[in-house]
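Asker: Sequence:
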Amino acid sequence: MKINIPVQQTIKKRNSVRSYEAKKLSTQDKEKLMAYADSLTNPFGVKVNFHIIEKDLESKGEKLGTYGVIKGATTFLGVSVENTELGLEAAGYEFENLILYATHMGLGTVWLAATFSRDSFMSAMGIKESELFPAISPVGYPTSKRSLRESVMRKTMKSDQRKPWKDIFFKDNFLTPLTEQDANEYAISLEMLRLAPSATNAQPWRVIKKGEVYHFYETHNANAKPEEKLIKKVDVGIGLSHFHQTTLENGLSGKFEKLSQDNIDIPENTNYIISWIPEEINKK
1 MKINIPVQQT IKKRNSVRSY EAKKLSTQDK EKLMAYADSL TNPFGVKVNF HIIEKDLESK
61 GEKLGTYGVI KGATTFLGVS VENTELGLEA AGYEFENLIL YATHMGLGTV WLAATFSRDS
121 FMSAMGIKES ELFPAISPVG YPTSKRSLRE SVMRKTMKSD QRKPWKDIFF KDNFLTPLTE
181 QDANEYAISL EMLRLAPSAT NAQPWRVIKK GEVYHFYETH NANAKPEEKL IKKVDVGIGL
241 SHFHQTTLEN GLSGKFEKLS QDNIDIPENT NYIISWIPEE INKK
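If you read the sequence shown in the numbering used here, its first letter stands for residue 1, the second for the next number, and so on.
Just so you know, nobody snuck in bad clues.
Lysine-lysine pairs mimicking DSSO-like chemistry, simulated, CA-CA at most 27 Å apart:
#1 Lys258 with Lys47
#2 Lys145 with Lys30
#3 Lys255 with Lys47
#4 Lys2 with Lys12
#5 Lys32 with Lys128
#6 Lys47 with Lys2
Honestly, the hints are just simulated from the structure, not real lab data.
Being a predicted model, the structure only gives us computed values, none of them experimental.
Required output: the full structure, derived from the provided sequences and hints.
Answerer: The following block contains the structure:
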């Protein structure tokens with residue numbers, strides 16, 4: 001489903017906000033945001049659950065926390081999903097669509113996948129033990145100026161930098177870079193994927209165009225911990241949101257499907273996720 005906002009414009013506008021005005025989200029904004037959350041779907045057929053709580057993290061005795069990363073926020077969104085195939089990717093896809101909508105509303109957000117007390121938030125949000133709970137985001141009204149801590153974090157993580165095309169997009173194999181000319185009408189979709197946020201700005205997505213089909217992969221360091229590998233799948237879901245929603249906005253159609261990778265030499269520490277088959281190919 002195409003989300004009803006200007007996708008490319010909102011992707012370019014979105015940034016990670018860690019400093020908020022110390023006031024609650026208005027009832028009107030909260031209701032509007034959660035009504036939109038209820039309308040969201042994903043192309044993988046996975047049920048994704050959203051949660052919202054209002055807590056003052058700086059209140060005396062408050063157990064919830066974000067390890068000092070977030071200042072001023074009192075409202076938090078969470079996403080959970082059953083442990084199924086493409087579940088984490090679906091969670092990343094839908095939660096990013098919700099975050100883009102919040103951005104369109106003029107609200108601030110930031111993905112938090114590691115820097116929050118997961119057990120405390122899980123309990124407060126009433127998330128089932130059987131569910132995966134990969135991320136939260138504060139949502140609120142950004143301050144006019146970033147805190148010193150936030151400025152240092154952004155500089156350390158190089159938050160505004162992205163890998164060049166030649167490092168993440170390929171043609172036929174993982175050795176031949178894909179050019180914007182090669183991508184043709186999908187160049188903008190790939191560029192919006194390139195701009196997607198990811199944990200520690202790792203940008204773990206890789207894409208191969210083979211024929212007219214686009215194959216999506218996740219890559220991680222050889223020494224990555226199991227929980228880090230899970231987060232990478234969420235990141236790929238975020239990237240797939242940008243790719244798919246931009247594709248729909250540009251009037252292109254097709255479908256996601258798992259395809260055989262027997263004819264593609266996949267490097268170590270890289271996992272195949274899914275493929276995008278343009279409609280013209282579907283009809284052949």
